[in-house]
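Novice: Here is what each chain is made of, one letter per residue.
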Amino acid sequence: MDGIEQAIAARPPRDLRWPLFAAFLAAILLYPIAFGSSYALGAGITVGLMAIATVGFVLLVGYAHQLAIGQAAFCMIGGYGSAVLTTRAGWDPLAAMLVCAPVSMIVAYVVGRPVLRLHGYALAMASLALQLILGFVVTQTTGLTGGALGINGVPKFALFGHVLDSDRAFFTFVWLVVALAVLIGLNIDRSRVGRSLKAIAASERAASSVAIDLPAHKVQMFVLSAGLASLAGSLTVHYLRVIEPNVFGLQYSLNLITAVVAGGMYSIWGGIMGAAAIVFLRETLRLASLPLLEGVIMGGLTMIVLLLFPRGIAGGIAVLSERFLGRAGADFAAMPAAEGEGAAIPPGAATAGAEEPVLVVEDASRAFGSLKAVDEVGFAVPRGSITALIGPNGAGKTTLFNLISGDQPIDSGRVLLEGRRIDALSGPAVARLGLARTFQNLELFDNLTVLENVMCGCTRRTRTSLAEVVLRLPRIGAEERRLAAEARHWLAFVGLGGSEARTPGTLPFGHQRLLEIARALALRPVLLLLDEPASGLNDSETEQLADLILRIRASGITVLLVEHDIRLVMGLADHIVVVDHGRKIAEGPPEPVRRDPQVRAAYLGS
Amino acid sequence: MPALLDIAGLSAGYGRTEVLHGISLEVRQGEIVALLGANGAGKSTTLNTVMGLLPARTGEIRFDGQSIASRPTREIVHLGLVLVPERRQLFGPMTVEENLLVGAYARADRPGKAALAADLDAQFALFPRLGERRRQLARSLSGGEQQMAAIARALMARPRLLLLDEPSLGLAPLIVAQIMEQIADLRRGGCTILLVEQNARVALGIADRAYVLETGSVALAGPAATLIENPAIQEAYLGGQGTGADRLELRIRARAAKYAARDVVR
Amino acid sequence: MDLATFDQFALSGLVTGCVYALVAMGFVLCANVSGVVNFAQGEYVMIGGLVTASLVGLGVPLAAAALAAVVLGAALGFVQERLTVTPIRRAPMFVQITVTLAAAVLVRSVALVVAGKDPYGLPGFVSDDVFEIGGAILPYQVLLVWGATAAMVGGTGWLLGRTALGRAIRCVSINPLAADLMGIDSARISTLVFTASGAMGALAGLVMVPVTSVSWDSGIEYGLKGFTGALLGGFRSPLRATLGGLAIGLAESLSAGYISSQSKDIITYGALLLYLMVQGGAFAVGRRRGDHAEAH
Numbered sequence: 001m002d003g004i005e006q007a008i009a010a011r012p013p014r015d016l017r018w019p020l021f022a023a024f025l026a027a028i029l030l031y032p033i034a035f036g037s038s039y040a041l042g043a044g045i046t047v048g049l050m051a052i053a054t055v056g057f058v059l060l061v062g063y064a065h066q067l068a069i070g071q072a073a074f075c076m077i078g079g080y081g082s083a084v085l086t087t088r089a090g091w092d093p094l095a096a097m098l099v100c101a102p103v104s105m106i107v108a109y110v111v112g113r114p115v116l117r118l119h120g121y122a123l124a125m126a127s128l129a130l131q132l133i134l135g136f137v138v139t140q141t142t143g144l145t146g147g148a149l150g151i152n153g154v155p156k157f158a159l160f161g162h163v164l165d166s167d168r169a170f171f172t173f174v175w176l177v178v179a180l181a182v183l184i185g186l187n188i189d190r191s192r193v194g195r196s197l198k199a200i201a202a203s204e205r206a207a208s209s210v211a212i213d214l215p216a217h218k219v220q221m222f223v224l225s226a227g228l229a230s231l232a233g234s235l236t237v238h239y240l241r242v243i244e245p246n247v248f249g250l251q252y253s254l255n256l257i258t259a260v261v262a263g264g265m266y267s268i269w270g271g272i273m274g275a276a277a278i279v280f281l282r283e284t285l286r287l288a289s290l291p292l293l294e295g296v297i298m299g300g301l302t303m304i305v306l307l308l309f310p311r312g313i314a315g316g317i318a319v320l321s322e323r324f325l326g327r328a329g330a331d332f333a334a335m336p337a338a339e340g341e342g343a344a345i346p347p348g349a350a351t352a353g354a355e356e357p358v359l360v361v362e363d364a365s366r367a368f369g370s371l372k373a374v375d376e377v378g379f380a381v382p383r384g385s386i387t388a389l390i391g392p393n394g395a396g397k398t399t400l401f402n403l404i405s406g407d408q409p410i411d412s413g414r415v416l417l418e419g420r421r422i423d424a425l426s427g428p429a430v431a432r433l434g435l436a437r438t439f440q441n442l443e444l445f446d447n448l449t450v451l452e453n454v455m456c457g458c459t460r461r462t463r464t465s466l467a468e469v470v471l472r473l474p475r476i477g478a479e480e481r482r483l484a485a486e487a488r489h490w491l492a493f494v495g496l497g498g499s500e501a502r503t504p505g506t507l508p509f510g511h512q513r514l515l516e517i518a519r520a521l522a523l524r525p526v527l528l529l530l531d532e533p534a535s536g537l538n539d540s541e542t543e544q545l546a547d548l549i550l551r552i553r554a555s556g557i558t559v560l561l562v563e564h565d566i567r568l569v570m571g572l573a574d575h576i577v578v579v580d581h582g583r584k585i586a587e588g589p590p591e592p593v594r595r596d597p598q599v600r601a602a603y604l605g606s
Numbered sequence: 001m002p003a004l005l006d007i008a009g010l011s012a013g014y015g016r017t018e019v020l021h022g023i024s025l026e027v028r029q030g031e032i033v034a035l036l037g038a039n040g041a042g043k044s045t046t047l048n049t050v051m052g053l054l055p056a057r058t059g060e061i062r063f064d065g066q067s068i069a070s071r072p073t074r075e076i077v078h079l080g081l082v083l084v085p086e087r088r089q090l091f092g093p094m095t096v097e098e099n100l101l102v103g104a105y106a107r108a109d110r111p112g113k114a115a116l117a118a119d120l121d122a123q124f125a126l127f128p129r130l131g132e133r134r135r136q137l138a139r140s141l142s143g144g145e146q147q148m149a150a151i152a153r154a155l156m157a158r159p160r161l162l163l164l165d166e167p168s169l170g171l172a173p174l175i176v177a178q179i180m181e182q183i184a185d186l187r188r189g190g191c192t193i194l195l196v197e198q199n200a201r202v203a204l205g206i207a208d209r210a211y212v213l214e215t216g217s218v219a220l221a222g223p224a225a226t227l228i229e230n231p232a233i234q235e236a237y238l239g240g241q242g243t244g245a246d247r248l249e250l251r252i253r254a255r256a257a258k259y260a261a262r263d264v265v266r
Numbered sequence: 001m002d003l004a005t006f007d008q009f010a011l012s013g014l015v016t017g018c019v020y021a022l023v024a025m026g027f028v029l030c031a032n033v034s035g036v037v038n039f040a041q042g043e044y045v046m047i048g049g050l051v052t053a054s055l056v057g058l059g060v061p062l063a064a065a066a067l068a069a070v071v072l073g074a075a076l077g078f079v080q081e082r083l084t085v086t087p088i089r090r091a092p093m094f095v096q097i098t099v100t101l102a103a104a105v106l107v108r109s110v111a112l113v114v115a116g117k118d119p120y121g122l123p124g125f126v127s128d129d130v131f132e133i134g135g136a137i138l139p140y141q142v143l144l145v146w147g148a149t150a151a152m153v154g155g156t157g158w159l160l161g162r163t164a165l166g167r168a169i170r171c172v173s174i175n176p177l178a179a180d181l182m183g184i185d186s187a188r189i190s191t192l193v194f195t196a197s198g199a200m201g202a203l204a205g206l207v208m209v210p211v212t213s214v215s216w217d218s219g220i221e222y223g224l225k226g227f228t229g230a231l232l233g234g235f236r237s238p239l240r241a242t243l244g245g246l247a248i249g250l251a252e253s254l255s256a257g258y259i260s261s262q263s264k265d266i267i268t269y270g271a272l273l274l275y276l277m278v279q280g281g282a283f284a285v286g287r288r289r290g291d292h293a294e295a296h
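Chains as they are written, first to last, in my numbering: chain L, 1 to 606; chain Z, 1 to 266; chain S, 1 to 296.
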């Protein structure tokens, strides 16, 4: 059992993505030759039109974990925009399409930017409201949109004045757009953005702690998915040659949801498979003259797939191919470490102002109702020290820790990191300033490899834009290699070299602790906060941990630890702060603190 | 006499961490047994496992002769084990009286209105402060009053074994003394109690026997009167003094010294 | 401004508002005990109305039809809790939304297949006459709507405030773990609340049919507006949610009356969208709130 697991973990994963993409391109070119009938081409076009939207939708649902119930609103913007511009204003179809997509993206940004700061159902509801509003608007503005009757006589699609007259040409064009969407998706999947999104999905707290901006990432995916939905809408209208309010009504939105769920929402390819499945189902129902059953089938299918096969068709295929072909995935482990890059990481900023404390807490207070959890506590963490924060259970240590790390707001007082106030900043902002932390109950990204976990820690030093990521410009490849090399360095530093390709869940517990520390170190922090690092470790593991903390300090990083294991604290710390009942009762080197009568009373009772 | 609660070789934990490594302890009818230890030693984990909030990974938990390991919490409460949880866990937006009435929800004897009112009065006689505040919302109470309300709520269930998780937590010493006095009174009234405390002195002041947990194992056990003098208790909390220092602590200190020396050389 | 006209709009708004109020209450009760926002809440209303109207159309006596509708609503709530809520309680939020949304789609699509596309109506249960109040003219049926709503909201309030079961429901809403420690079976409480809210939704739907006809796709409107009401009420207190629902009904009716009947949905949905956007914006400006109170 263990042996098999290790064998799987040790086998280098193969990157099947590009061979797969090449095969996909070949299939696009071969399909019209192999299936020339107008029915086959029509079906292919219908699938392709939907797939443009669903591939984008996968980015939103499966990657950003956000559901937009009214996603078809953006198809509506694209569809109506193209129809109106080409019929009423005589625009070129390509120009109209390329104008509508940014408009959709701007709408998505305006709605998504504020709404995605809220949790959960906010985007679902907001997008549904948006779609219903748009539906009413297009029905009411009869002059422009033809009201309930819609617009007829939309021209065929044309490229630079050259009309795509044959289904064959239009098929090829539509599927090249699908390929472009897939390319964007795959580029995001294997980039820091995809990694960050997976990290957010695994643990929002841990993602914040490594400076990943959660709302910004969700908004980016919403905007991208809206742009692709808009393209799908525009192209659909040029294929149907008409548009009316029901074309992209609520049913279309629901079909998009069923498509990504059935196809597999965690896979870019799942978007295509889902679109194909939906079109196939609708065709079957139409041929069987049972169109009324569409909603029953779609609703039931969505429910059954989500409850029983949450990874959909793509997930099923992945399981099969894993069995026969071995694991596929990004191959960071096999990536050559770039010469010179990341080999010698300069230690955290240990040079500037050696006298100034790294962290200063001034009169910090925080109350929950009538309970003063932290009451005017002040202390400083000297640069280059190992400082420990201890106190009996319920003394306020954890609250204090959360005030420092930006997890909870402060009522009064100040927290300064290298002289800059951090008490009014969000978790990611605090992390960007150089404060890294670990978690009491391990918050690792289980859906990423060990190496990728640590690479997430390096995110704060990425310089590339989303546009570069989407197009995968050469700078991205260089940056990825640099991050991987740096991450490998930190893994070696904590003693986890060689485990790069494994997933965190397959590591022994003590190693998972070390991995979390490596991820935090990858931020290159000035201050490392350790939240009960020894809990769950046995004595020899605790001793190894102590050694690691000493090496971290030796590399120039100041350490602040909250810890229960008094032996670790007394053996390791050179500065100890004791709190009880929310107040600081002692501060100083270990021995005086240990002998302090107030400390003894706090721990043993008086 | 067979023990009321008998725990044998119990292991349990959260997620990937094992916190308890095979502990054994027993509570006999009419006793106050204290379970002591530093933060993270596994005291609360023991109570949570007894109450079925956590599965027992190995080992056995018997109450009055029948096995209760890994049974649903509801059934365990019905058998008469009632926990006063850490940090009280009162229902904040409900009144004190409502909180107490909820305590009687699971009672097997299905008390009528009059019986409930009598039981309420009994609690208010025991904790007069609560009587004064019976119509106030629980979240408006002070810490000490909240602790009293949590105990009173548990007593409404007429427990056969009362489990208390750190009743002194966050309370001022004077209030702690009051609460401990009230717990001692409960025992005089016939209640059996398992008391988890970090505050060793006050707990040993009212307990008959005690167990000291250290990193998930029972390190010491015995009558409260002898444990109170035992220096090993202090070690469990604060480590040794000077020469008596713990071996792990010494090893860590040696490593630290090595690094310091290297710095000097550099 | 003509007072009688205002009364007419306002009182009509308070009739539809009653249904929104009950849906809003259902949203909040179910979300509190289960941790899952049930997007099929509006479909119970549709089922109640559609089943009663179509059974009466088949010649079933009104009382029997209404009873059947309420039982079906309750059964739907029960099945939904067991099949689509309990298994996903710990799933990510977007999965929860998708599953309950799919349940809603399934219910309304089955309604479409069974009952067809056309809207159903019913005559007033007692009489088709109208009465005058403050210059407004209303059918007698609205008294039934108001009465049924008052009974259901009042009954729920009494249950929650005065009975042991109600206290248990509140405990599960406030702190499920502590409720378990009191020996309360939180899983059963959740099933019970879903079942009751299915029945109440169906009852609201069926008394409404003589006032506004019902069709297979009515549920989404009731659901979305009830949700907006619940949101307006803070999504925590059932009572405030009902007030939110009434406010939505009132605002919608007044805007339909004074602006245009086509504008009412745009205004309601626009208000929902703006509310979410402003709230999200305010959330960003106002720093993170201490959501983990007592978590120190």
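Hints were generated in silico from the structure; no laboratory data involved. None of the values given here were measured: they were computed from a predicted structure. Note that the Cβ used here is the ideal one computed from N, Cα and C, for glycine as well. Treat the hints loosely; a few may be bogus.
Distance ranges between label pairs, derived from CB positions [claimed, not checked]:
no.: 1; chain 1: L; residue 1: Leu29; chain 2: S; residue 2: Ser260; range: 51 to 57 angstroms
no.: 2; chain 1: S; residue 1: Leu67; chain 2: Z; residue 2: Ser142; range: 51 to 57 angstroms
no.: 3; chain 1: L; residue 1: Leu466; chain 2: S; residue 2: Gly155; range: 39 to 45 angstroms
no.: 4; chain 1: Z; residue 1: Arg160; chain 2: L; residue 2: Arg414; range: 36 to 42 angstroms
no.: 5; chain 1: Z; residue 1: Ser140; chain 2: S; residue 2: Arg162; range: 19 to 25 angstroms
Far from chain Z, by Cβ distances over 10 angstroms, these chain S residues were calculated [said to hold, decoys possible]:
no.: 6; residue: Ala63
no.: 7; residue: Phe78
no.: 8; residue: Leu83
no.: 9; residue: Val110
no.: 10; residue: Val114
no.: 11; residue: Phe131
no.: 12; residue: Ala168
no.: 13; residue: Cys171
no.: 14; residue: Met182
no.: 15; residue: Ile184
no.: 16; residue: Phe235
no.: 17; residue: Ile266
Novice: Determine for every hint whether it applies to the structure shown.
Specialist: Hint check results:
Separation of Leu29(L) from Ser260(S) is about 53 angstroms and conforms to the stated range, judged on CB atoms against 51 to 57 angstroms. A hinted range of 51 to 57 angstroms for the beta carbons of Leu67(S) and Ser142(Z) is consistent with their spacing of about 52 angstroms. One distance hint, 39 to 45 angstroms for the beta-carbon pair Leu466(L) and Gly155(S), is violated here, with the actual separation near 54 angstroms. Taken as a hint, the range 36 to 42 angstroms is violated for the pair Arg160(Z) and Arg414(L), whose Cβ atoms sit roughly 52 angstroms apart.
Between Ser140(Z) and Arg162(S) the C-beta distance comes to about 22 angstroms, which sits within the given range of 19 to 25 angstroms. For Ala63(S), the non-interface assignment is confirmed: its Cβ lies about 35 angstroms from the closest Cβ of chain Z, beyond the 10 angstroms cut-off. Its beta-carbon lying about 20 angstroms from the closest one in chain Z, Phe78(S) satisfies the requirement of being farther than 10 angstroms from that chain. Look at Leu83(S): its CB is around 22 angstroms from the nearest CB on chain Z, clear of 10 angstroms, so calling it non-interface holds up.
Separation of Val110(S) from chain Z is adequate, the least Cβ-Cβ distance of about 36 angstroms exceeding the 10 angstroms criterion. Separation of Val114(S) from chain Z is adequate, the least Cβ-Cβ distance of about 40 angstroms exceeding the 10 angstroms criterion. For Phe131(S), the condition that its CB be more than 10 angstroms from all CB atoms of chain Z holds, with the nearest at approximately 41 angstroms. Consistency note on Ala168(S): stated as away from chain Z, yet its beta-carbon is not over 10 angstroms from all of that chain's, at 6 angstroms minimum.
Non-interface status of Cys171(S) relative to chain Z is broken: a Cβ of that chain comes within 10 angstroms, the nearest being about 5 angstroms off. With a least CB separation of 5 angstroms from chain Z, Met182(S) falls inside the 10 angstroms interface cut-off, contrary to its annotation. Against the 10 angstroms criterion, Ile184(S) falls within the reach of chain Z, whose nearest CB is about 6 angstroms from its own CB. Annotated as non-interface, Phe235(S) keeps its C-beta farther than 10 angstroms from every C-beta of chain Z; the closest such distance is 15 angstroms.
In this structure Ile266(S) is separated from chain Z by more than 10 angstroms, as the shortest Cβ-Cβ distance comes to about 37 angstroms.
Checked against the numbered hints above, the structure violates hints 3, 4, 12, 13, 14 and 15; every other hint is satisfied.
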